[in-house]
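> As numbered in the UniProt record's numbering, residues 1 to 527 make up the sequence shown, in order.
Simulated from the structure, these hints should not be mistaken for lab results.
Note that CB positions come from ideal geometry on N, CA and C, so glycine has one too.
Careful: at least some of the hints might be erroneous.
20 Å max Cα-Cα, derived SDA-like pairs, lysine to any residue [claimed, not checked]:
hint: 1; residue 1: Lys431; residue 2: Asp474
hint: 2; residue 1: Lys431; residue 2: Gly108
hint: 3; residue 1: Lys431; residue 2: His380
hint: 4; residue 1: Lys431; residue 2: Arg77
hint: 5; residue 1: Lys431; residue 2: Gly58
hint: 6; residue 1: Lys431; residue 2: Pro476
Have a look at the derived ranges for each label pair, beta carbon to beta carbon [claimed, not checked]:
hint: 7; residue 1: Val139; residue 2: Ser248; range: 24 to 32 Å
hint: 8; residue 1: Thr210; residue 2: Thr254; range: 28 to 36 Å
hint: 9; residue 1: Val159; residue 2: Asp234; range: 52 to 60 Å
hint: 10; residue 1: His271; residue 2: Pro209; range: 33 to 41 Å
hint: 11; residue 1: Arg275; residue 2: Glu65; range: 32 to 40 Å
hint: 12; residue 1: Asp146; residue 2: Thr222; range: 53 to 61 Å
hint: 13; residue 1: Val93; residue 2: Ala338; range: 17 to 25 Å
hint: 14; residue 1: Asn428; residue 2: Asp405; range: 35 to 43 Å
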Amino acid sequence: METERVPVLIVGAGLAGLASAVFLARRGVGVLLVERHSGTSVFPRAVGQNQRTMELLGFGGVAGEVPTVGPDAAKFRVRVAGSLRGPAFREEVSDPDTGDRGVLSPAGLGTAGQHELEPLLRRHAETLGATLRFDTELVSVDQDDDGVTAVLRDHDGRVRRVRADYLVAADGNRSGVREALGVDRHGPGSLGHNISIIFDADLADLVDPTQPTLHVLHTAHTAGVFVTVDHTRDRHLLTVDYDPATESPAAFTTDRCRDLIRSITDSPGLHPRIRAVRPWEMAAAVADRFRVGRVLLAGDAAKVTPPSGGFGGNTAIGDAYDLAWKLAAVLDTTAGPALLDTYDTERRPIADRVVAEVLRLLAARGPDTTADSGQTSDRHRALELTLGFRYRSTAVRIDDTDPADSEDPYHPTGRPGFRAPHIWLHHNDEKLSTIDLFGRDFVLLTGPDNHPWATAAATATARLGLPLTTHTIDTPPARTEFLTRYGLTTTGATLVRPDGIIAWRTPGTPEDPTRTLHDTLTTILAR
Numbered sequence: 001m002e003t004e005r006v007p008v009l010i011v012g013a014g015l016a017g018l019a020s021a022v023f024l025a026r027r028g029v030g031v032l033l034v035e036r037h038s039g040t041s042v043f044p045r046a047v048g049q050n051q052r053t054m055e056l057l058g059f060g061g062v063a064g065e066v067p068t069v070g071p072d073a074a075k076f077r078v079r080v081a082g083s084l085r086g087p088a089f090r091e092e093v094s095d096p097d098t099g100d101r102g103v104l105s106p107a108g109l110g111t112a113g114q115h116e117l118e119p120l121l122r123r124h125a126e127t128l129g130a131t132l133r134f135d136t137e138l139v140s141v142d143q144d145d146d147g148v149t150a151v152l153r154d155h156d157g158r159v160r161r162v163r164a165d166y167l168v169a170a171d172g173n174r175s176g177v178r179e180a181l182g183v184d185r186h187g188p189g190s191l192g193h194n195i196s197i198i199f200d201a202d203l204a205d206l207v208d209p210t211q212p213t214l215h216v217l218h219t220a221h222t223a224g225v226f227v228t229v230d231h232t233r234d235r236h237l238l239t240v241d242y243d244p245a246t247e248s249p250a251a252f253t254t255d256r257c258r259d260l261i262r263s264i265t266d267s268p269g270l271h272p273r274i275r276a277v278r279p280w281e282m283a284a285a286v287a288d289r290f291r292v293g294r295v296l297l298a299g300d301a302a303k304v305t306p307p308s309g310g311f312g313g314n315t316a317i318g319d320a321y322d323l324a325w326k327l328a329a330v331l332d333t334t335a336g337p338a339l340l341d342t343y344d345t346e347r348r349p350i351a352d353r354v355v356a357e358v359l360r361l362l363a364a365r366g367p368d369t370t371a372d373s374g375q376t377s378d379r380h381r382a383l384e385l386t387l388g389f390r391y392r393s394t395a396v397r398i399d400d401t402d403p404a405d406s407e408d409p410y411h412p413t414g415r416p417g418f419r420a421p422h423i424w425l426h427h428n429d430e431k432l433s434t435i436d437l438f439g440r441d442f443v444l445l446t447g448p449d450n451h452p453w454a455t456a457a458a459t460a461t462a463r464l465g466l467p468l469t470t471h472t473i474d475t476p477p478a479r480t481e482f483l484t485r486y487g488l489t490t491t492g493a494t495l496v497r498p499d500g501i502i503a504w505r506t507p508g509t510p511e512d513p514t515r516t517l518h519d520t521l522t523t524i525l526a527r
């Protein structure tokens, strides 16, 4: 059997796998992605992209093709009722008056469903040179100190062997790679089984596609979640639970699905067209390790959550970007292999926080008409999880003793471990954000008195063979805002990683800026 060689093998073509392929290929890394299904998902599933995800997709050259919404788009509604036609027990509207998200990021909010985003990522990955093979399953995987050996089988039964430097396991909640590695998970595990039904029906008198709404419906006979998809009045998704101990997915025939739809919409004369039916398991669990040697777990293979809050798909893309820039740096020897340990130490705590938050949100989605929805605190927690989180690892140089793992993104501090704050800049009559400066290489941002830093950056680039771009923020009024938000004086500097996370800062000029910057980069990159 011949052996095919590739730098990175990705198993799974969900959001995490496809995004990893895009981000790696964009950095010139050779990628082979395999997926056992024949194509990408036809179900919306993970719908919506938060601002952090849109920033990362922007770094990958994809965001411009993701559908977005205007200022009112943040006003997503959750409606709890007895049926689609019945009165609401409770309603929640997100972000009606809690600040302008435009001050947080230049990126908008994406509205793509997984069935829309996956084909887009697939096209970009292939355009960038990644090899994608569908109808191909992983048979076995073994690793040693030098790489990973995988045996693959395609739909014709043909078996081939692949040798990769690293493997990204993005093969979902029931990850075969994770199980083969013996990685346990913590968390409640299975929370129930569901059937999702995509159907077409004219419900123009009941739904408004311009007002995104998640309907949590509790009838006398069943409970379900209903949402209109694809930005139309006619295509909808209904999800109901079922007990696999007493019935199988096959019991959800076309006639039964139609009856469920009529009941939950309170529309006995409706004639829905069933387009697809899919069983799935709701679960909440986090892998005990995200890295095992040369294998990295991403997406649902690393962490799975219920859909409440829309965190699952967004964190999958966050996983993909974090592992991609680090893998690329290790493969081109810019960084040492130990940098990959920080993928686990950074992303796993985020996964634990996300799962805890989603479980809290899920518990609040009941028919209780008197429950305090806590909308303001919900929004604040969500923003802290997406834009105000803090990484703690050897890939950042923490300069304070604050134990908090998040901050209010409306009041950023510019401390290492946090996302670099967004500030509007003007350059050559062009308006751009500090976020637009990131996404490829390390970036050194300096105050107006930058003379020693230009020399320090040039020396570090020469000695380490590391691309490092320097930007001086010296034009009013951005200069004042920059120094305040980044916690610098006019002689200070901030080092930003390729993912837009602050790696290190010095409020003023140290005694030997060249040596300080060199030593800082050496430590961060595990050289």
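> Look at each hint and say if it fits the structure.
Hint by hint, here is what the structure shows:
1. Restraint check for Lys431 and Asp474: the C-alpha separation of about 15 Å stays at or below 20 Å, so the hint holds.
2. Pair hint Lys431 plus Gly108 holds up; C-alpha atoms about 16 Å apart against a cutoff of 20 Å.
3. With a C-alpha separation of about 29 Å, the suggested pair Lys431 and His380 falls outside the 20 Å cut-off, and the hint is violated.
4. As the CA atoms of Lys431 and Arg77 are separated by approximately 33 Å, the hinted pair breaks the 20 Å bound.
5. Our distance criterion of 20 Å between C-alpha atoms is met by Lys431 and Gly58, whose separation comes to about 16 Å.
6. About 13 Å separates the Cα atoms of Lys431 and Pro476, which keeps this hinted pair within 20 Å; it holds.
7. Taking 24 to 32 Å as the suggested C-beta distance range, the pair Val139 and Ser248 conforms, at roughly 27 Å.
8. Restraint check, Thr210 to Thr254: a C-beta distance of roughly 31 Å satisfies the suggested window 28 to 36 Å.
9. Checked against the hint of 52 to 60 Å, the C-beta distance between Val159 and Asp234 comes to roughly 45 Å, which is inconsistent with it.
10. Our hint of 33 to 41 Å for His271 and Pro209 is violated, since their Cβ atoms are close to 20 Å apart.
11. Roughly 24 Å separates the CB atoms of Arg275 and Glu65, a value that falls outside the hinted 32 to 40 Å.
12. Look at Asp146 against Thr222: about 54 Å separates their beta carbons, and that is inside 53 to 61 Å.
13. For the pair Val93 and Ala338, the beta carbons lie near 46 Å from each other, so the given range of 17 to 25 Å is not met.
14. The hint said 35 to 43 Å for the Cβ distance between Asn428 and Asp405, and at roughly 39 Å that hint holds.
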